[in-house]
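*Asks:* Dock chain B against chain A, hints included.
Taken in sequence, the protein lines are chains A and B. Heads up: the first sequence at position 341 corresponds to 340 in numbering that gives the first Met the number 0, and the numbers run straight through without jumps. Heads up: the second sequence at position 365 corresponds to 364 in numbering that gives the first Met the number 0, and the numbers run straight through without jumps.
Keep in mind that the hints are not guaranteed to be accurate.
[As the list claims (entries may be wrong)] Pairs of lysine-lysine, BS3-like flavour, derived with a Cα cap of 30 Å:
no.: 1; chain 1: B; residue 1: K434; chain 2: A; residue 2: K710
no.: 2; chain 1: A; residue 1: K664; chain 2: B; residue 2: K434
no.: 3; chain 1: A; residue 1: K74; chain 2: A; residue 2: K290
By construction, these hints were calculated from the structure, which means they are not laboratory data.
The residues making up each chain are set out below.
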Amino acid sequence: MEDKYSSNVLSGGKLGMVEVPNSRLTRYIVLLVVTKILKALGIFESYDILKVVHIVQFIFILKLGSAVILLFFQKPFSSGKVISKRQWIKLLKHAVFSCVISLLGFFGLTLCGPLRTLLLFEHSDVVVIALLGVLFTSSGGGPSKTRGAALFIIAVICLLLFDNDDLMAKMAEHPEGHHDSALTHFLYTAIAFLGVADHKGGVVLLVVSLCLKVGFHTASRKLSVEIGGAKRLYALDNLVSSMVLLPWVIVLSATTESKVESWSSLVLPFGMIVFSVMILEFYVDAICSAKMETPRCARYGAIALFLSALLLANFWTHPLTDQLRSMSKPPQQVSTEHVLSGGVIVSAVFFIMSSSILSSPSKKGQQGTLVGYSPEGTPLYNFMGDALQHTSQSLPRFIKDSLKQILEEYDSRQIFYFLCLNLAFTFVELFYGVWTNSLGLISDGFHMLFDCSALVLGLFAALMTRWKATRIFSYGYGRVEILSGFINGLFLMVIAFFVFVESVTRLLDPPNINTDMLTPVSVGGLLVNLVGICAFSHAHSHGGKSCSSSHGHSHGGHGHGHGGHGHGGHGHSHGSGGGGMNANMRGVYLHVLADTLGSVGVIISTILIRQFGWLIADPICSLFIATLIFLSVIPLLKDACEVLLLRTPPENEKDLNSALEKIEKIEGVLSYRDPHFWRHSANMIAGTIHLQIMSDVVEQRIIQQVTAILKDAGVNNLSVQVEKEAYFQHMSGLSTGFQEVLAMTQQMETMKYLKDGTCIM
Amino acid sequence: MTSRSVEQRMRSAAKANGADGYRKSKMAMDGMMSTSSGLSYHNAGDFYPRKFGPKPDVVPSGVTERKVGPLDKPDMVSVDVINVSDSEVHLHRKKHEQDTYVLGTIHPFRKTHRSVFGKLLQEFRLVSSDRRSWRILLFGALNLLCTGCLLMWCSSTNSMALTAYTYLTIFDLFSLITCLISSWVSMKKPSQVFSFGFDRLEVLAVFASTVLIQLGALFILKESVERFMEQPEVHTGRLLVGTFVALFFNLVTLMSVRNKPFAYVSEAASSSWLQEHVADLSRSLCGIIPGLSSVLLPRMNPFVLINMAGALSLCTTYMLIEINNYNAVDTASAVAIALMTFGTMYPMSVYSGKVLLQTTPSHIIGQLDKLLREVSTLDGVLEVRNEHFWTVGFGSLAGSAHVRIRRDANEQLVLAHVTNRLLPLVSTLTVQIFKDDWTRPLLTGTLSPSSVPPMGPADGYTLSSSSLPPLLMSSGGELDPLTSTPSKPTSPPPEFAFDTPGRNVQPMVLPAPGHHAHRPYGSLGLAYGASPYTGMLNQGLPRPGGGLGLGVQGLGAGYGLGVPSSQSYRTAYGGAPAPLRFGTSNPLASQSQYRQYRP
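So that you can see chain A by itself, here it is in the shape it has in the complex (with noise of 0.2 Å):
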């Protein structure tokens, strides 16, 4: 069933893995599945127990009671090879590292309670390897891997955003100076400069050790095969990293004294933890992937973990429960502790879930390029990786080639370094609205980052205006100028419309406006937005005059006149080259003219709100403020459209015409015909034309004198097509093949249709 309705061929079952029916691994699922209720419960005992004792401590005591374990079952020094002397400085590093992601884990335990770090922290390599590939690689492995990608981060999200935990409120009274060590206070410091509550540290610090731990795997399986076999490196490193944590814990218990009364009765606790966390789950994970394939084994096991975690959170502070447990504390305060809330359990089953998606094999086989077809016309893939085929740039180098490119032209300099300007004052901003904890500020900020998205456009199109043309882009990259502009313009009809619609509302209800922070702010930006124009007006003049001729109108008075630039039939000077009209930059300048409006309305505003009290004045501004910008971005996008929609370029429309008229005047020429003259991008002109001309004239003698006259008028890329009376007899000899009659027949029957069509419509 799946295989009918799977996209790829390849993935067809047959190639892929053969999964084993479920009914022979039964018992493994049952093991799996028992083994992860326990370690959920492990980790609620241990969260309890760290409430007593130090967290260095307690990783000691777990790591030794494991170590001592395992070495009684694996023999670790007994059996296999010698360990060399390299491969225990080796042993140590990999010794040290555990030491710290567990420490993480536990810490990020004490900090989020055991739910959320069972949720966060005990996810399987292959679901996290297959979350970073989504994330960073292009190639993902098709939209089911992206949606368990997504469904894993808002699980993430939820948990940072909608888990109102209570416990919140309770690690904000803790003390800062009650920390047990250097350590801990280190964490406690860095999460609290963070700015976040402890228990979303908490799932940060989660997230980055899950990563950690995931990348630490990954980097031991080398070392593992060295020391001859996963069992005895674990072995081995239990034990060395207790004798890494045993100096610490010395000094700690020298130093410190202890909060726990007597040790006797945590030794089941620790037994029990150590038995579940380190031991069993070790043991049956490296079962159950030697008997069923990881990803299965993933699935399955983080279903049981996540539902257990679940359930133990729910009855794990129940009164019932206290009763059972092993630790005869009185239930304090706990019971409010770690609560369940809606946020979690969405999370919870977003986890779920997209574990379950992650883990699960790529159906999607490998992705092949299409090379061909076999003899039998089945198709041929090429399997070359993409690693092969894509030669990644460095970075750095990436960024360098870059800055070359735009800082090697006018355009895309001026804008760069306005960008870059505009961009440090946004930051500015920003920064201190956080700083000064001003709203206004910070929304401001938000605002010209709005802003300066148009010109990162702007820069942009003036970039890939320089690309070399392709196949697909026949003509060169320069129309993109042109897109660029329009949609500058309508960037700017949005925002004044946004502006409009604000404005119309405020003066249906004037709101108290707090006038101190407006003042600096906007003249800060309108010295920007004036250093702006002062860039940007030269090139807008340039581009203004020679577009100008075709509308004489000045738009808005905006202090550049238009030059008239005297064109009349035989205007040739303005012809191929020179600064052909850059929609691209008066997008980019009618953009930073109304910012620079905008502050301008703002300290109007302000200054009669101040001196007079007129509330009114700042929506009346505003209104102002919006007619203008749309009256300014008026011509620039009616210019545009008429380029794109291919309309004989007005400025060189009398020269075409009378550049026509001199192509029916050279001997031999009867007629012309569907002469298309368009303004391809700023300096081309693109044309074409069908010339008939008397049988006895040399072709190319025509095409000459006709692409001279027309490149007179401007025209830069020109197709002339030259046709006697000898070409009409062989495309009629020609036509009578049946693809033509066919055509033609329905050309015949769409122009019927029009015409009666014309009569209906």
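*Replies:* For chain B alone, coordinates are given in the frame of chain A:
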């Protein structure tokens, strides 16, 4: 358009016959003009001065009769004299045209005496004259009402997600406007300045509306980021009502208005990520329940999809706010809707933007490559370069290419073959033939084009320039199916289409005098430039009277085809009689002309 071309033909003919004839023909033409306009445009006859022709401003009059003179060497002086006498008439005509153009409504951007609103009103009246656009207008009015309502509810609920969803309704308004524009475009013919017609306006409208909605989504994103810092209270009172009103309205609009441009773009553009995910999900669902495959497996309409998904996320928002008072969900779902809007609209704007950027559509490249390879294997072709192929509107391809050929190749033959190959795919085609060193005389003079008189004076037949293949097809059904495929020495001999319709005469194989012995069809062009067509046309034109019949019939067909060019290309060798030349015009006109010019 049609009567314009007729008028033009008549004018040139009139000039050939003197001012008197011109006046008469003008009268005839005027009468005819009114009839034809009444015929073709019932409703909007007055607003259509422009339909009289996609013709250049410069009327190529005074050209044809120049060629009537001695064939051997046109005398410059005498030509000039004729031209002066003609140019007055010409000027007069031109002024008249200018007036019609200025009064016309074709140039949306040209300054005229009318105000912008007047023009808009005219165009609007034109569009609304169609019954089908009433429905669009009705839905547009409803849409405005609904959008206004929704915007009010947005501000009363203070919900960002509902605002994002309302923008989808605004997008519906844009798509309705696009629909109107598309029906306007279908009524318009190419004008002089917009020589490719207004098909691109459709593309531009699609592009603009998708970009506008994306900019709106960007605005939503920005507002949402600001809201994440300080989440205001969201009132759920009208939230669900607004959602369902908008959903219902959007779906009704989508179902009931047939939106041609958007339907095309959503089919042609690559699928959005939303579509891909839904397709993936439904495929795995169909793996479980195969019965659903007919419902779920076809490609989903992206607009329906985004409307559904948006409504779903709004319902979730409503539930979560009602139950748990999570106000931040509103912002999150606004972000989700904005992202989905981006995902849905981005492929469409990329597609239409690529059309606007005059790019070669990538799905057609394979086909084009094959054709170009075929072209480059034609005899005499050295290379094809500067090839530009792009789409004018949605679908119709235009293009130009430069073909470099061998010095001794026949340009017209190669041109005909190249055009013949490319024309089925590229409807607006210009091929420039290029020869190196053409000034240098050839070693073998036999093949130079000037030395071959293609037609003897005996075959006096008229040819219309662009409508020629259909002309001969329709007029002479019994004509010889003579295909001439110039082939490389190794390729098989040219094929003949035996069972094409209207064929009952045996194909005629030419005894081609090969100019190289080993290349049997190499010099075909020379040979059948002269003899075969003559023979074949002589079948069709036994007498001058028959020739007239052919002309009338053929050009009637050509005119019915509405071929973009109205210029007639006629060669009259020797003294072809005038009635014959008038055969090129509209049947209706030619009847009257015939009466006039037949004493």
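*Asks:* Each hint should be assessed against the structure and marked as holding or not.
*Replies:* Each hint tested on the structure:
1. B:K434 x A:K710: Distance ~20 Å between B:K434 and A:K710 Cα, so the pair holds.
2. A:K664 x B:K434: 24 Å, holds
3. A:K74 x A:K290: 24 Å, holds
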